[in-house]
Amino acid sequence: MSLFNIFNVAGSALNAQSIRLNVVSSNLANADSVATDPGSAYRARHPVFQAAMQTAWGAEPDASAGVRVLGVWQSPEAPAKRHAPGHPLADGEGYVWGSNVNVVEEMANMISASRSFQTNVEVMNTSRDLLLKTIAMGR
Amino acid sequence: MGFFNGAFGIHENSLLLRGQRAGVLAANIANADTPNYKARDLDFAAVLAGETGSAGLGLARTRTAHIAPAADVVDGALRYRNPFQPSLDGNTVEAQVEQAAFADNAVRFQASLMFINRRISTLQLAITGQ
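Chains as they are written, first to last, in my numbering: chain A, 476 to 614; chain B, 453 to 582.
Treat the hints with care, as some may be off.
[Claimed, not checked] If you want the ones that stay clear, here's a sample from chain B, every Cβ over 12 Å from chain A, calculated: (1) 462; (2) 497; (3) 536; (4) 537; (5) 540; (6) 581; (7) 582.
[Said to hold, decoys possible] Taking CB as the label site, the calculated pair distances span: (8) A:545 - B:540: 11 to 21 Å; (9) A:582 - B:504: 44 to 54 Å; (10) B:582 - A:528: 47 to 57 Å; (11) A:568 - B:488: 41 to 51 Å; (12) A:607 - B:538: 35 to 45 Å; (13) A:500 - B:461: 46 to 56 Å; (14) A:586 - B:582: 54 to 64 Å; (15) A:521 - B:538: 17 to 27 Å; (16) B:504 - A:578: 50 to 60 Å; (17) A:583 - B:517: 53 to 63 Å.
[As the list claims (entries may be wrong)] Just a few of them, taken from the derived set where beta-carbon distance is under 7 Å, the chain A residues facing chain B: (18) 477; (19) 480; (20) 485; (21) 539; (22) 610; (23) 613.
Honestly, the hints are just simulated from the structure, not real lab data. Where is the CB? At the ideal position from N, CA and C, for every residue including glycine.
Looking at chain A on its own, in the form it has when it is part of the complex:
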């Protein structure tokens, strides 16, 4: 019964979106972190999603695809260089290296993740209603 499989598919999406929200919160929390050298400055992280064709769940392989997080990718953009000679973490020339997090981009990402999460919860609720009504068939 593929209605049961929806719980697996939507559940995997909930998991992926919550990982995305976690990564966004980590980026926002470290938006103002500084470091002494560019190598150790905080870099924005982004999860990469991939469709997971489910053969192991016993469903037909091409009709249902969940989501899995393939990995967390670090932004290659250069960290922000700031002249702050009085800063305790400043290097020999008086520079500190901030993170390369784009706060506006992260906020948009957060809203998108939150909407996707809500949509998948709705899908699960609807499927549950349909299943409960099917169980009560003929009463």
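Position chain B against the provided structure of chain A, taking the given hints into account.
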């Protein structure tokens, strides 16, 4: 017992189809943010043609020795959706379109369920006579 075999008409298969379509649409919604994922849907006309015996899109068996294809309601009816606006990351899921299709599918599922329920009440009325 021939009467009871066909008692629910097409709604028996309709429930199966609606259940499988809900699975396909849920997969689309789950992958709304996955790069390169292509949204899919069931071709209802193809399924109906396959179920009602007219030429479907399934494999034709021209000799009796041919192995029968797997008996699946959605066999060969899965199609890729044409997006209104393709996105840059290769994903063709439009979340609102999928949500609307999912809601439509859920209503039709419940309609079939209601037809079956009413049929059961009718049969019970006929059996008990009250």
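Here is how each hint holds up against the structure:
1. 462: Given that every Cβ of chain A is farther than 12 Å from that of residue 462 (chain B), nearest at about 16 Å, it holds.
2. 497: Nearest chain A Cβ is 18 Å from residue 497 (chain B), so the label holds.
3. 536: holds (18 Å)
4. 537: holds (16 Å)
5. 540: It holds; residue 540 (chain B) is separated from chain A by about 15 Å at its closest Cβ, greater than 12 Å.
6. 581: holds (19 Å)
7. 582: holds (18 Å)
8. A:545 - B:540: 11 to 21 Å: holds (19 Å)
9. A:582 - B:504: 44 to 54 Å: holds (52 Å)
10. B:582 - A:528: 47 to 57 Å: Cβ of residue 582 (chain B) to Cβ of residue 528 (chain A): about 53 Å, so the range 47 to 57 Å holds.
11. A:568 - B:488: 41 to 51 Å: holds (44 Å)
12. A:607 - B:538: 35 to 45 Å: holds (38 Å)
13. A:500 - B:461: 46 to 56 Å: Holds, since residue 500 (chain A) and residue 461 (chain B) (Cβ atoms, about 53 Å apart) stay within the stated range.
14. A:586 - B:582: 54 to 64 Å: Since the Cβ atoms of residue 586 (chain A) and residue 582 (chain B) sit about 59 Å apart, the hinted range of 54 to 64 Å holds.
15. A:521 - B:538: 17 to 27 Å: The hint (17 to 27 Å, Cβ to Cβ) holds, given that residue 521 (chain A) and residue 538 (chain B) are roughly 21 Å apart.
16. B:504 - A:578: 50 to 60 Å: holds (58 Å)
17. A:583 - B:517: 53 to 63 Å: holds (60 Å)
18. 477: Holds, because the Cβ-Cβ distance from residue 477 (chain A) to chain B comes to roughly 4 Å (cut-off 7 Å).
19. 480: Because about 5 Å separates residue 480 (chain A) from the closest Cβ in chain B, which is inside the 7 Å limit, the hint holds.
20. 485: holds (6 Å)
21. 539: holds (5 Å)
22. 610: Nearest chain B Cβ about 11 Å off; hint violated.
23. 613: holds (4 Å)
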